[in-house]
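4 protein chains.
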Amino acid sequence: MIIVLNENGVKKGIAALKKSFADKTQVFVNGNRVAVQGAVKDDLPTEILKATKEIITDVPAAVQGSRLFHPQDTIIHTPHAVIGGNEFIMMAGPCSVESEEHVRKMAAIAKKGGAKIVRGGAFKPRTSPYSFQGLGEEGLKYLREAADENEMDMITEVMDDEHVEMVAKYTDIFQIGARNMQNFSLLKTVGKTNIPVALKRGMSATIDDLLNAAEYIASEGNSQIMLLERGIRTFDNKYTRNTFDLGAVPVLQRLTHYPVIVDPSHAVGEWDLVTPMALAGAASGATGMIVEIHDEPQKALSDGPQALKPDTYLKMAQKVFEVHQVVNGK
Amino acid sequence: MIIVLNENGVKKGIAALKKSFADKTQVFVNGNRVAVQGAVKDDLPTEILKATKEIITDVPAAVQGSRLFHPQDTIIHTPHAVIGGNEFIMMAGPCSVESEEHVRKMAAIAKKGGAKIVRGGAFKPRTSPYSFQGLGEEGLKYLREAADENEMDMITEVMDDEHVEMVAKYTDIFQIGARNMQNFSLLKTVGKTNIPVALKRGMSATIDDLLNAAEYIASEGNSQIMLLERGIRTFDNKYTRNTFDLGAVPVLQRLTHYPVIVDPSHAVGEWDLVTPMALAGAASGATGMIVEIHDEPQKALSDGPQALKPDTYLKMAQKVFEVHQVVNGK
Amino acid sequence: MIIVLNENGVKKGIAALKKSFADKTQVFVNGNRVAVQGAVKDDLPTEILKATKEIITDVPAAVQGSRLFHPQDTIIHTPHAVIGGNEFIMMAGPCSVESEEHVRKMAAIAKKGGAKIVRGGAFKPRTSPYSFQGLGEEGLKYLREAADENEMDMITEVMDDEHVEMVAKYTDIFQIGARNMQNFSLLKTVGKTNIPVALKRGMSATIDDLLNAAEYIASEGNSQIMLLERGIRTFDNKYTRNTFDLGAVPVLQRLTHYPVIVDPSHAVGEWDLVTPMALAGAASGATGMIVEIHDEPQKALSDGPQALKPDTYLKMAQKVFEVHQVVNGK
Amino acid sequence: MIIVLNENGVKKGIAALKKSFADKTQVFVNGNRVAVQGAVKDDLPTEILKATKEIITDVPAAVQGSRLFHPQDTIIHTPHAVIGGNEFIMMAGPCSVESEEHVRKMAAIAKKGGAKIVRGGAFKPRTSPYSFQGLGEEGLKYLREAADENEMDMITEVMDDEHVEMVAKYTDIFQIGARNMQNFSLLKTVGKTNIPVALKRGMSATIDDLLNAAEYIASEGNSQIMLLERGIRTFDNKYTRNTFDLGAVPVLQRLTHYPVIVDPSHAVGEWDLVTPMALAGAASGATGMIVEIHDEPQKALSDGPQALKPDTYLKMAQKVFEVHQVVNGK
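Residue numbers (the UniProt record's numbering), protein chains in the order written: chain U, 1 to 330; chain V, 1 to 330; chain R, 1 to 330; chain X, 1 to 330.
To be clear, the hints were calculated from the coordinates, so they are not data collected in a lab. Among the hints, erroneous ones may be present.
What the hints assert, rightly or not - List time: in silico BS3-like cross-link candidates among lysine-lysine, alpha-carbon distance up to 30 Å:
| id | chain 1 | residue 1 | chain 2 | residue 2 |
| --- | --- | --- | --- | --- |
| 1 | U | Lys141 | U | Lys309 |
| 2 | R | Lys188 | V | Lys141 |
| 3 | X | Lys19 | X | Lys188 |
| 4 | U | Lys112 | V | Lys319 |
| 5 | X | Lys309 | R | Lys112 |
| 6 | X | Lys299 | U | Lys24 |
| 7 | V | Lys238 | X | Lys24 |
| 8 | X | Lys19 | X | Lys50 |
| 9 | X | Lys309 | X | Lys141 |
| 10 | V | Lys24 | R | Lys319 |
| 11 | R | Lys169 | R | Lys192 |
| 12 | X | Lys299 | X | Lys141 |
| 13 | X | Lys188 | U | Lys192 |
| 14 | R | Lys299 | V | Lys188 |
| 15 | U | Lys169 | X | Lys188 |
| 16 | V | Lys238 | X | Lys12 |
| 17 | X | Lys41 | R | Lys238 |
| 18 | U | Lys112 | U | Lys50 |
| 19 | V | Lys41 | V | Lys18 |
| 20 | X | Lys188 | X | Lys24 |
| 21 | V | Lys192 | V | Lys11 |
| 22 | X | Lys315 | R | Lys319 |
| 23 | U | Lys238 | V | Lys238 |
| 24 | X | Lys319 | X | Lys299 |
| 25 | U | Lys315 | V | Lys319 |
| 26 | V | Lys141 | V | Lys299 |
| 27 | U | Lys18 | U | Lys41 |
| 28 | X | Lys188 | U | Lys141 |
| 29 | U | Lys53 | U | Lys11 |
Can you make the complete structure from the sequences, with help from the hints?
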């Protein structure tokens, strides 16, 4: 249940609601909106009813992520970027951090294409235990340096709650991978930090699953969350690794206030399909994009086939910004 | 197997290949390319080998639809439109033809938004036998008049091979619905006409299934085919009717020479998601779009919830053309 | 809406309901249950309300197939079999009728395994137009003879409404294939005959889609329908052609009165997985099974890899009957 | 690559292979079979080639789990049960451990139905952070007592690598939930223990994904693994929570030596569908089953709708053992 308080009774109303419910259930506050888990109208004392403008009873489980609780957009500020505002945010970089020099080179190219955030994996969730698993903390250092040198921010995946503290020393944004979308322990741990979190939709996660996973982060106090659509698993995967579900973009924007980012690289898995899907992602209304680049894809330590070469990336990026302009122009 | 003949030996080569194979198997010719079903290199007489530039052995079952057999784009000309060229083709209209007056009004609005082709169903494939099944031949007449009055072409669904002859009297383009994508008898019957066919991808059809279905049409002699992506069935259908598979657009364009059209209306099933998906469809590189419009969606006889009102349609269409410009500009 | 009439007022009640509604909407009668499409309680005259025991308002679109309208099981009698009763019904035979002699031989083996019905396709719905399309009417004759010679019934696919009359001359049961599950014109045409129909679930048909497709048959007067689960299309098809959805068996049995048959051969597509799936199908409570057999699978004209050799079939069949016994014993 | 050594050269061959490869790559040994990751035939010294009976080059990434590396079945011994042998293994208990008394009562009922292992969750992976999350270590104690009192073993879920040590103090078998199937950090941690692990297939995990996930456990030294099929996510979930993929049972048994267990409760999510699916699971050839029971499902703290009441459970269990008998009899 969400109680929308009268503007002039907000302070008192919140106090009264906390007094009534805080020791029994969870109470969340956003301006004059108070969500009380599990309560029903009849539980409300008369004094609260008097201070109430509206009571919303049909509320999703993931209440903090809902527009009903938080109607305005969430805007996330990192040192060099504003995510969720009018500007389209490009994030680019190699799949894995491969070496100090390489990631530095990739960051510079990313920046040239308009990216404010450089990506790169130091801990890699690989299907097989025998595949390259990432450079670990060394990789984080290299990525941090590459970001700093280019006056960019960095985003990197954290796979394990035990690593959160260490990764936090380096990164501006945590990425939670698709396979870990329902690793609740990890979600709660990043939820206890104040570092923004980019949560990837699981391969077969419904929209509601994704919002509930985000709620695990928010429930621990961190609401600097962005959601990533990266393709879902369907019956057809002969020519594309996944099916890019762009319908999820406007659906999420209607249901939640968190910024929505698209990942065309993982969605299709093949570089020559990435540009059309990047353009489609921008056209669908996404607030930003994360994309993989590599100067020598055939030598990449992971996911080479889906990496854009620098030239292709630069052309793609320019058109992406233009499409964003058209879509958001009057 | 596809035999690519030397430019100076085309005529003789074709004659020789037909002589060798035409009574045993199917032989298809496109310029200097000859596809011979089921044959292998060893079957070829020396005289043909001499006239041969290249032999392509890894050929898909749907050979006539393949770029290997027909590298250049297929461009379809209807009286008022060119489908598959540089221009983006808009097709719009009501889901069902509802009355003479209504479809005329809708055609005028469609045209105002830049559509050259008006759509409308006179035979409706409905999940339940007790739902409205369409006006039948009367509906075809109304749609024809509406198209003519506005100097447009018309597209309409044919559901049954017994109706092909009758529908042919009215329409410029046959539409084959998703449920009939593998109604092989219907495919063969429209394949015997010389009217262009818009083939919708079935709900769970793979890319290869779609190309094989198109091949049923081509195998009867009609290669004026366009392919429609209209959303596939996946695990997530709470907020969208289907999952719009835009990755299919560049994949199809790589594999086949037929024009690829997107249908954002059926893909999402809800009007306020149609505009972002229409923009995404154009950005993905589709050559055209088919979209449902209605002035009073709540009174529509079918699929009201997904119809765009005229104003929304006009705004969407304008942006769609702009996005197409950006994507196809240098 | 379904009106359940008092036992002593059935005749009068039906007459009154028909008088009130028959010229406006569809009225279906089953014993003392009358379904009136689209009507609501307030439409009912007082005299009918008096004769009414119960009004069921939450009724599915596919009302005639529903247990609410028809609580008792439908039992289908063919010359040599009773489908939907206590006995487990085996149907077996080759995928395609290949020759007079071959189908005769296969029928004898089918019979030896306990089958009362022999299957075989004379019209084959093939993904590619260049694959073997079946022997046509000749194949029907051979199958008829093979059935008669062994005192069995036959089941065969009809793919096209124009063939219904011809196929009706030979067959005891029409089979509608998965690709044609929503070929509404075909469904209506077999619905006008009085020959039992085995309707296969489409590759991505939901339970409700299947029941609505069956309703197209019933709406034309033929309620001798059985439903076939044959595997659905999911994300995993590397090792099995489809995913056998055995949960559909008890779900259908709860919702509808039509007999439910399983087809393990198409569900998995590989012979050495057929026996475990056949056993699982019987254990799930299905009323019968249809299975493909071939003495020389490697030479089969279609679907060889999924055909059981005679010995395997005989062993499988014996265990299937035993499992059915265990499951249905007290 | 797998090298199958001559019987009389096993010891020497292993030593030689380790000498050649152990410092460069992973070498796994099973009897006379040695898997060398990433090596090719040309890497082998002559002395090894001489001692070699067969070289298998087409080997899956998950090599230790493969029948090619380990042809014989893995049989797991817990204090009171043998999993993977001829006997069908029943595991039953409540979804969550709810209280000391309740789980004790449920264990006794489980035992009465033939279960040798009692299940119960103390740490619950819930879609929403606001749902009941389990009793934690207290729950583990209660379950341990309930198991001991009834001379049974216990299985319980571990959700987090930080809990592995604590859960290990109580449990006989770790369960890894579907959502954690690719929580690689957790997999590696249980892989370092010597406690058997029951790994649940993820909601959209392919067969290969599941085998690769198991390989993460094996790669750390623990090969006491059993695999659980618990339903996958497909387009159809109106009447069943998931689609029970029983085809996976014989497929897994062909590919891997690990025992395969079925979980009909989560597969369908509704109690009255559990019995037919349990019977189907046994008939498919599974080596065991895990099922949820509750005496008062409407009061269950989690997943009440899918719990079998004691009487239904007892009847189901009896038939399950009978079906297993039929299927495995000669």
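Hint by hint, which ones does this structure get wrong, listed from lowest number up? Hints 5, 7, 10, 16 and 18 contradicted; others consistent.
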